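Line order of the protein sequences matches chains F and E. This note's numbering applies: residue 2 is where the first sequence begins, and numbers increase by one. This note's numbering applies: residue 6 is where the second sequence begins, and numbers increase by one.
Worth flagging that the hints you see were computed from the coordinates, not collected in a lab. All values reported here derive from a predicted model rather than from experimental measurement. Ideal Cβ positions, reconstructed from N, Cα and C, are used throughout, including at glycine. You may find that some hints are simply not true.
Restraint ranges, calculated between C-beta atoms of paired labels, are given here [stated by the list, open to error]:
| hint | chain 1 | residue 1 | chain 2 | residue 2 | range |
| --- | --- | --- | --- | --- | --- |
| 1 | F | Q239 | E | F32 | 29 to 39 Å |
| 2 | F | L235 | E | P31 | 48 to 58 Å |
| 3 | E | N190 | F | W113 | 38 to 48 Å |
| 4 | E | A43 | F | P105 | 48 to 58 Å |
| 5 | E | I128 | F | D141 | 11 to 21 Å |
| 6 | E | L132 | F | N38 | 36 to 46 Å |
| 7 | F | S100 | E | V212 | 31 to 41 Å |
Using 16 Å as the maximum straight-line C-alpha spacing, the simulated EDC-like pairs for lysine to aspartate or glutamate come out as follows [unchecked claim]:
| hint | chain 1 | residue 1 | chain 2 | residue 2 |
| --- | --- | --- | --- | --- |
| 8 | F | K142 | E | D85 |
| 9 | E | K201 | F | E163 |
| 10 | F | K142 | F | D220 |
| 11 | F | K142 | E | D224 |
| 12 | F | K142 | E | D45 |
Residues from chain F shown here face chain E by an in silico Cβ test under 10 Å; the list is partial [stated by the list, open to error]:
| hint | residue |
| --- | --- |
| 13 | A21 |
| 14 | L25 |
| 15 | L27 |
| 16 | R76 |
| 17 | I122 |
| 18 | A135 |
| 19 | M138 |
| 20 | D141 |
| 21 | S147 |
| 22 | I149 |
| 23 | I156 |
| 24 | V161 |
| 25 | W167 |
| 26 | W168 |
| 27 | K255 |
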Amino acid sequence: MKLKIAQRYLAASALVAIAATVVLGLFITPPDAVQGNLARLVYVHPAVAWVAYLAYGVTTLASSLYLWRPTRSLRWDRLASSSAEVGVVFTALTLITGSIWGRPAWGVWWTWDARLTTTAILLVLYLGYLALRAVPMPADKRAKRSAIAALFAFIDVPIVHESVVWWRTLHQGATVASLGMNAKIHGIMAWTMLLGFVAFTLAYCALVVFRYRIAQGEDSLRERQISQWQSERLAQSQSDADRVSELLDNANSKSNVKMV
Amino acid sequence: MRAMTIFKKDLLIESRSKSGLGQVLPFALIVLLLFGFAFDTQGPLMVSISPGLFWVLITFSSILLVSRSMRVESENDAVDGLLLLGFDGISIFVGKFLALFLILLILDILVGIGVVVLFSVPIHSFLLLSLSTLLATAGIGSVGLVFGALVRGANSSESLVPMLVLPILAPVVISATKAWSDALNGHGSIFDPWLKLLLVFAVVFIVGGAVSFGAILED
Numbered sequence: 002m003k004l005k006i007a008q009r010y011l012a013a014s015a016l017v018a019i020a021a022t023v024v025l026g027l028f029i030t031p032p033d034a035v036q037g038n039l040a041r042l043v044y045v046h047p048a049v050a051w052v053a054y055l056a057y058g059v060t061t062l063a064s065s066l067y068l069w070r071p072t073r074s075l076r077w078d079r080l081a082s083s084s085a086e087v088g089v090v091f092t093a094l095t096l097i098t099g100s101i102w103g104r105p106a107w108g109v110w111w112t113w114d115a116r117l118t119t120t121a122i123l124l125v126l127y128l129g130y131l132a133l134r135a136v137p138m139p140a141d142k143r144a145k146r147s148a149i150a151a152l153f154a155f156i157d158v159p160i161v162h163e164s165v166v167w168w169r170t171l172h173q174g175a176t177v178a179s180l181g182m183n184a185k186i187h188g189i190m191a192w193t194m195l196l197g198f199v200a201f202t203l204a205y206c207a208l209v210v211f212r213y214r215i216a217q218g219e220d221s222l223r224e225r226q227i228s229q230w231q232s233e234r235l236a237q238s239q240s241d242a243d244r245v246s247e248l249l250d251n252a253n254s255k256s257n258v259k260m261v
Numbered sequence: 006m007r008a009m010t011i012f013k014k015d016l017l018i019e020s021r022s023k024s025g026l027g028q029v030l031p032f033a034l035i036v037l038l039l040f041g042f043a044f045d046t047q048g049p050l051m052v053s054i055s056p057g058l059f060w061v062l063i064t065f066s067s068i069l070l071v072s073r074s075m076r077v078e079s080e081n082d083a084v085d086g087l088l089l090l091g092f093d094g095i096s097i098f099v100g101k102f103l104a105l106f107l108i109l110l111i112l113d114i115l116v117g118i119g120v121v122v123l124f125s126v127p128i129h130s131f132l133l134l135s136l137s138t139l140l141a142t143a144g145i146g147s148v149g150l151v152f153g154a155l156v157r158g159a160n161s162s163e164s165l166v167p168m169l170v171l172p173i174l175a176p177v178v179i180s181a182t183k184a185w186s187d188a189l190n191g192h193g194s195i196f197d198p199w200l201k202l203l204l205v206f207a208v209v210f211i212v213g214g215a216v217s218f219g220a221i222l223e224d
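Kindly produce the complete structure, drawing on both the sequences and the hints.
So this is what it looks like as structure tokens:
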């Protein structure tokens, strides 16, 4: 019940914040001196990327808490999976918004820049994690295996990043990705960007709570189905036993009659 | 000592069944020939792309061997038997890892010879080539075993293993390809930075695998 209320407030505040970001970002803030209207993506793209990293951080933390025996609870598993799902969506959004910006700014939809490549690997890494979660198996087994997979994915991320940075920088000059990012930002533009971060973080929280509640509902539905199935089986076996004893009684009484 | 028992067991299964390398080697050879058809084999192109082709082929072929290595344990719940016999997670991991490492090395050497012969690739730094191959193979083997164990028993494990393992192995493919490029072009040494990355990856995943394998198997 508490989660439902929290979700409602979070969703409402996220909607308001996103609407305010849209209004400020599209109509109030001036276009950039160099990039024109293209720079307006700065209100969305970095915020979306931040949420993706936050989501994977939460998945890792929740997975560790599940694996640690004193805190082992399926709640952490639900949180890890909910956050990873939202993270995958936001990673895809990061790549899409980055690509939309990249085409006019760099002239290409995609470039093998270190940051872009790492983000793409991150996306497939966690898609694999979600595929592992989709395998039908008992809840505690799945929770344990996916928590271990999440930790391995997390350990891999810095190595992936390091390798990709070396790969691009050992053989090429400085990357282009930092050009737009290093641009100084002032006044209303900075505030709008900050608002974008708050708005998307709120949206993340609302989505995770929503997804968590769905997972909770799925689990309780499964439990209810199992107990219903058990009671049906019990009733069935009870009526079978009654019928057998009835038949036995009949047979006994017939043989008694014959004996007489 | 217990690890050596598992190591011998896996090699015995491999030598008797012949369905591991026996199937994967012909596959690798066919793909090498297909690469020959797909790219221009005359001229310098093959020398520049052969490290990448080699490591992509090795990664894909390894996945087939890795899936097999864990499948023999999940069939008939053989792994439960091992645990009941008192084998702990670390010795099972170490034994299986060493056997897989040896089998993967044979694959590396034979496919490597194929690349050198078929694509006329010159080798300048044999030491760098060998060291990078050893470290990359250790990385591939350890990651493969861990994820093979995580998906064991699932119906779709054949497609799940590559989906989980390939993104994790991205740094290995990058580093091993670059180290091989350096070795083939003759401007590499044993202090090649890519070797460090391969070493870090192999150590992290061997230690991580050994520590977590018991927990992965006992569920």
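* Go through the numbered hints given earlier and state which of them the structure violates, listing their numbers in rising order. => Going through the list in order, the structure violates hints 1, 3, 4, 5, 6, 12, 13, 14, 15, 16 and 27 and respects the others.
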